[in-house]
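Q: Spelled out, the chains give:
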Amino acid sequence: MDAVIASLPEYWDGFLRTLYLSVISGIIALIVGTLLAAMRVSPVAALRGFSMFYVEVARNTPLTIIFFFAAIVLPRLGVKFEQFEVAAIIALSSYTAAFIAEAVRSGVNSVPVGQAEAARSVGMTFTQVLGFIVLPQAVRTVVPPLINILIALVKNSSVAGAFFVLELFGYGRQLSNDYGNQVLWILLGVAFFYLLITVPLGLLAHFVERKVAIAR
Amino acid sequence: MTSVLYDVPGPKARLYSLIGSAAGVLIILGILAIAVITLAQQGIFDADRWEIFYGPMAPDVWNLIGQGIVSTLTAAAVAAVIAFPLGIALCLLRISLIPWIRIPTQVVLEFLRGMPVVLMMLFVLLVFATGQFQAVVVGLVLYNAAIFAEILRAGIQSLPKGQREAGLAIGLRSFQSRMSIEFPQAVRRMLPSLVAQLVVLLKDTSLGYIVGYEELLRKIQIMADFLGPDFLFPAFFVGAAIYILINLTVSRIAIMIERRGSKKAAGGMAPPSVRTGLVAGGNDPIAKDSVEGPNKA
Chain U
0 MDAVIASLPE YWDGFLRTLY LSVISGIIAL IVGTLLAAMR VSPVAALRGF
50 SMFYVEVARN TPLTIIFFFA AIVLPRLGVK FEQFEVAAII ALSSYTAAFI
100 AEAVRSGVNS VPVGQAEAAR SVGMTFTQVL GFIVLPQAVR TVVPPLINIL
150 IALVKNSSVA GAFFVLELFG YGRQLSNDYG NQVLWILLGV AFFYLLITVP
200 LGLLAHFVER KVAIAR
Chain V
0 MTSVLYDVPG PKARLYSLIG SAAGVLIILG ILAIAVITLA QQGIFDADRW
50 EIFYGPMAPD VWNLIGQGIV STLTAAAVAA VIAFPLGIAL CLLRISLIPW
100 IRIPTQVVLE FLRGMPVVLM MLFVLLVFAT GQFQAVVVGL VLYNAAIFAE
150 ILRAGIQSLP KGQREAGLAI GLRSFQSRMS IEFPQAVRRM LPSLVAQLVV
200 LLKDTSLGYI VGYEELLRKI QIMADFLGPD FLFPAFFVGA AIYILINLTV
250 SRIAIMIERR GSKKAAGGMA PPSVRTGLVA GGNDPIAKDS VEGPNKA
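Just so you know, the sequences run in chain order U and V. Quick note on numbering: the first sequence equals residues 0 to 215 in numbering that gives the first Met the number 0. Quick note on numbering: the second sequence equals residues 0 to 296 in numbering that gives the first Met the number 0.
Incorrect hints may appear among the rest.
Listed next, with one range per pair, are the computed distances between beta-carbon atoms [said to hold, decoys possible]: (1) U:ASN176 <-> V:GLN175: 46 to 56 Å; (2) U:PRO199 <-> V:GLY211: 48 to 58 Å; (3) U:PHE191 <-> V:ALA88: 20 to 30 Å; (4) V:VAL107 <-> U:PHE206: 16 to 26 Å; (5) U:ALA5 <-> V:PHE52: 44 to 54 Å; (6) V:GLN66 <-> U:VAL56: 24 to 34 Å; (7) V:GLU50 <-> U:VAL56: 26 to 36 Å; (8) V:PRO55 <-> U:ASN176: 17 to 27 Å; (9) V:PHE52 <-> U:ILE30: 47 to 57 Å; (10) V:PRO10 <-> U:HIS205: 17 to 27 Å; (11) U:VAL22 <-> V:ALA34: 25 to 35 Å.
Counterexamples of contact, computed for chain U against chain V with all Cβ distances above 12 Å [claimed, not checked]: (12) LEU15; (13) ILE26; (14) VAL31; (15) ARG58; (16) GLU116; (17) THR126; (18) LEU165; (19) TRP184; (20) ALA190; (21) LEU195.
None of these hints come from the bench; they were simulated from the model. Positions of the beta carbon are idealized from the N, C-alpha and C atoms, including for glycine.
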């Protein structure tokens, strides 16, 4: 127990870095994912094909492989990062974007056909239909799964700990080396900090789900 | 293709779309070309870099890769076989009528689902001082059993109330009704989600790399370390391709099962609203193909 208290500063540092990784990658993934989803439903075949290919490949690639590529293979190919955080953010956001794209797309598909037809019949263009009519309604269906994706993102950020980033999991590994006899408490401490992020997010997802639930 | 979002394109729009497609293809090709040129400058495409896969070293290299694949698949298979019954047991406890069984189970499930899988693997490895294989399997089992339990619970709750009432009315005990009436239907209804979770499980075996289990990725790295940095990219490329191919195959099978199942399942498949977002903490929060909305164009 005292090992945990003694290493509270490390925990705090790791906690903040986990949050940092999750927030930055989350924002990038949301933007890229929405773009991918827009490409997926667009009238231009090449964009549709590209988006479909990207989502399919990214969703079927283990995150560890993407991390391995970003943190170990890329530097070998001459792409140098100042910090390994950058590699972690690239890996996390490119992986998560695929899931977000799928969630947004399914949300778009859940909007009744009549909505878009009505919008088209008053003369709106594709971008207008998407931006003013469909996406605002799709958001309601999309938000709960999106929160779940973000929870998964927080947990996935732990993989960064194995690729030279000292976030919660990274510190957990380091501290369990330093305090070999108190591994149990050290790792339970790490678990506690993860739950500190994931459990409130889970409750939020549950709450939002009930709040925005609409009968169609 | 028609869509909700735009009318069937006329000749003008088709022309624009064609131009757009051409531009899109050009941009994508351009990015690819830049990547290929960068790689070529590193000498990636020199034949001697790839010699390991067909030269004199090839048998050893493929042997190593084969071992990696076997370890990956073994861990996934063992974990899946243990996790499923455990998931059923957890689900039974979770929907138990007795509060002091139900509530602690709920807490445990939330705990397991809110935790990174790799942390559980490390925990097992260090605290129980097991081997890497056991650590990987136990980590995967704990996490996926919790997810299976949640999927099955959602499946049971999506059944019409009358199913259970009828079971109880013909004199089955609560447990008997659960096992012989509700579970078979729940499993069928949730089959797509369950198989999608199996894909996640397979993907997560790669986390074994982090705790030192010698699965495919670790073997690749060992190989690259042994052969020298020049071979890192070719080795990685082949390894990643194998991983993605295996996963894509399993995903395809999942989709096939869903197509077959939706014709056969008793009450039909659960509606997407029951299934999406189910795998709350999962790496794959959206089950394959279950994401299609009811108004799919």
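Q: Now, for every hint given, state plainly whether the structure supports it.
A: Hint-by-hint comparison with the structure:
no.: 1; hint: U:ASN176 <-> V:GLN175: 46 to 56 Å; result: 52 Å, holds
no.: 2; hint: U:PRO199 <-> V:GLY211: 48 to 58 Å; result: 33 Å, violated
no.: 3; hint: U:PHE191 <-> V:ALA88: 20 to 30 Å; result: 26 Å, holds
no.: 4; hint: V:VAL107 <-> U:PHE206: 16 to 26 Å; result: 22 Å, holds
no.: 5; hint: U:ALA5 <-> V:PHE52: 44 to 54 Å; result: 50 Å, holds
no.: 6; hint: V:GLN66 <-> U:VAL56: 24 to 34 Å; result: 25 Å, holds
no.: 7; hint: V:GLU50 <-> U:VAL56: 26 to 36 Å; result: 27 Å, holds
no.: 8; hint: V:PRO55 <-> U:ASN176: 17 to 27 Å; result: 41 Å, violated
no.: 9; hint: V:PHE52 <-> U:ILE30: 47 to 57 Å; result: 39 Å, violated
no.: 10; hint: V:PRO10 <-> U:HIS205: 17 to 27 Å; result: 50 Å, violated
no.: 11; hint: U:VAL22 <-> V:ALA34: 25 to 35 Å; result: 29 Å, holds
no.: 12; hint: LEU15; result: 17 Å, holds
no.: 13; hint: ILE26; result: 18 Å, holds
no.: 14; hint: VAL31; result: 15 Å, holds
no.: 15; hint: ARG58; result: 7 Å, violated
no.: 16; hint: GLU116; result: 8 Å, violated
no.: 17; hint: THR126; result: 10 Å, violated
no.: 18; hint: LEU165; result: 15 Å, holds
no.: 19; hint: TRP184; result: 10 Å, violated
no.: 20; hint: ALA190; result: 6 Å, violated
no.: 21; hint: LEU195; result: 9 Å, violated
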